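Residues per chain are reported as follows:
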Amino acid sequence: MHDPNLNVANVLTELLGIVNMVRENKGQLLLGELTPEMKLREDLGFDSMDLAELTVRIDERFKVDVFEAGLVDSVDEVLNRIGGGKASKNN
Amino acid sequence: MTRHILITGVSRGLGLALAQKLLDAGDTVSGLSRHLSADYETLQKKHGKRARFKAFDLKQASHIKSEVFDDFLPFDLPLHGFVNNAAVAYDDLVTNLDLDRFRAMNEVNVLAPITLTQHAIRHMLFNRVAGSIVHISSVCAHTGYKGLAMYAATKGALEAFSKNTAREWGERGIRSNCVVAGFMETDMSASLSDEQGKRIHSRTALKKATEIESVAAAVVYFLKDGSSSITGQNLFVDSGTI
Ligand SMILES: NC(=O)c1ccc[n+]([C@@H]2O[C@H](COP(=O)([O-])OP(=O)(O)OC[C@H]3O[C@@H](n4cnc5c(N)ncnc54)[C@H](OP(=O)(O)O)[C@@H]3O)[C@@H](O)[C@H]2O)c1
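Residue numbers (the working numbering), protein chains in the order written: chain A, 1 to 91; chain B, 92 to 333.
By construction, these hints were calculated from the structure, which means they are not laboratory data. A portion of the hints provided could be inaccurate.
To be verified - The list that follows gives simulated cross-link-like pairs (lysine-lysine, DSSO-like), each with its CA atoms no further than 30 Å apart:
hint, chain 1, residue 1, chain 2, residue 2
1, A, Lys26, B, Lys156
2, B, Lys150, B, Lys136
3, A, Lys39, B, Lys289
4, A, Lys26, B, Lys254
5, B, Lys299, B, Lys145
6, B, Lys112, A, Lys63
7, B, Lys156, A, Lys63
8, B, Lys112, B, Lys237
9, A, Lys63, B, Lys140
10, B, Lys299, B, Lys289
11, B, Lys136, B, Lys112
12, A, Lys26, B, Lys315
13, B, Lys299, A, Lys63
On a predicted model such as this, the values are computed, not experimentally measured, just so you know.
Taking the hints into account, I'd like the entire structure generated from these sequences.
Here you go:
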């Protein structure tokens with residue numbers, strides 16, 4: 001994780017804000033909570049274009065291109081990419 | 092509304108004319124080319140901060156994200172358009188093809204523009220801008236000219252890329268079109284002899300070179316809201332090549 005002040009709970013809160021920005025734009029209801037096991041497509045209802053927007057917003061905030069190293073499927077995998085694999089295990 | 096437009100190849104020729112047109116209309120231009128020319132510097136003196144410039148060699152396509160976007164085009168400066176104008180022309184008979192020169196041309200004419208489009212679209216997505224992308228193609232991708240097969244292939248690649256980009260990103264309001272230019276009197280065509288020039292012009296309805304101003308005006312049209320229902324198209328500005 002680039003920012004030492006970030007832990008999983010903080011990242012999840014920030015990700016929730018980002019996810020809701022994408023959902024709001026599509027006229028979907030805002031989510032109250034984001035959990036690591038949630039699936040980006042099935043649970044968040046994102047299609048490939050939404051995932052592209054999500055990628056850009058995560059890149060802007062965390063300086064990580066989450067899809068660069070292949071597809072990600074769940075919130076947990078996004079956390080891992082952001083934290084270089086450490087975030088969700090150590091905190 | 093004034094806009095912020097990224098243009099490659101602003102040091103001279105069509106890119107310079109286009110930058111001047113947009114700046115005169117009150118837009119902000121972020122210009123790229125290898126050299127800061129005296130002409131572009133004159134535009135900077137006249138228009139101040141609206142005439143932005145970054146010296147960048149498009150042969151370095153892999154540095155586009157870090158050097159062009161992260162450093163020069165941060166997300167807090169919304170981007171409304173991208174004009175892929177810079178290009179090089181390597182001409183020779185197909186039988187003489189030099190693979191290194193062909194590769195270098197592809198890096199500048201195809202790989203860098205596609206990578207710039209990748210990041211321009213990301214930028215537009217971030218700021219929710221219904222942006223406009225314009226590629227400068229060449230009539231030689233449609234009408235054959237001896238010696239231009241390799242160059243024409245790079246323009247054909249861009250036209251196909253543009254059409255597919257239009258299809259892919261239309262749902263987000265992002266448009267992509269090509270302006271297909273005929274032979275203009277710029278540095279790029281300076282190596283043509285008078286005789287070659289005459290022969291090329293005789294193939295056009297208007298019997299003369301394509302005016303840079305006319306090509307620039309077509310690009311401006313695609314950048315503006317007046318063209319908001321046009322995407323995936325090629326507009327020929329070529330003196331009516333027949
Ligand atoms: N002229 C014609 O007859 C004609 C006909 C049909 C289509 N076109 C197309 O029209 C467009 C403009 O052409 P033009 O006639 O204005 O050409 P030009 O006068 O040769 O100008 C080319 C521009 O591209 C820049 N450029 C070239 N290589 C570059 C590199 N490696 N990295 C960054 N910038 C680079 C140059 O700047 P630096 O040298 O400072 O880098 C210059 O500003 C091109 O796409 C061309 O294919 C031209």
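Going through the hints against the structure:
Distance check on the hinted pair: Lys26(A) and Lys156(B) sit about 28 Å apart at the alpha-carbon level, within 30 Å; holds. Restraint check for Lys150(B) and Lys136(B): satisfied, since their Cα atoms lie roughly 29 Å apart, inside the 30 Å limit. In summary, the hint linking Lys39(A) to Lys289(B) is not supported, as the alpha carbons are separated by about 64 Å, beyond the 30 Å threshold. With a C-alpha separation of about 25 Å, the suggested pair Lys26(A) and Lys254(B) falls inside the 30 Å cut-off, and the hint holds.
Proposed proximity of Lys299(B) and Lys145(B) is contradicted: the alpha carbons are some 35 Å apart, above 30 Å. Only pairs whose Cα atoms come within 30 Å are accepted, and Lys112(B) paired with Lys63(A) is rejected, the gap being roughly 36 Å. Simply put, Lys156(B) and Lys63(A) have alpha-carbon atoms about 12 Å apart, close enough for the 30 Å limit, and the pair holds. Restraint check for Lys112(B) and Lys237(B): the C-alpha separation of about 33 Å exceeds 30 Å, so the hint is violated.
With a C-alpha separation of about 28 Å, the suggested pairing of Lys63(A) with Lys140(B) holds against the 30 Å cut-off. For the hint linking Lys299(B) to Lys289(B), the alpha-carbon distance of about 8 Å falls within 30 Å, and the restraint holds. Proposed proximity of Lys136(B) and Lys112(B) is supported: the alpha carbons are some 15 Å apart, at most 30 Å. The straight-line distance between the Cα atoms of Lys26(A) and Lys315(B) is roughly 26 Å, inside the 30 Å bound, and the hint therefore holds.
Taken as a hint, the Lys299(B) and Lys63(A) pair is broken in the structure, with Cα atoms around 51 Å apart against an allowance of 30 Å.
Hint compliance for this structure: hints 3, 5, 6, 8 and 13 are not met, and every other hint is.
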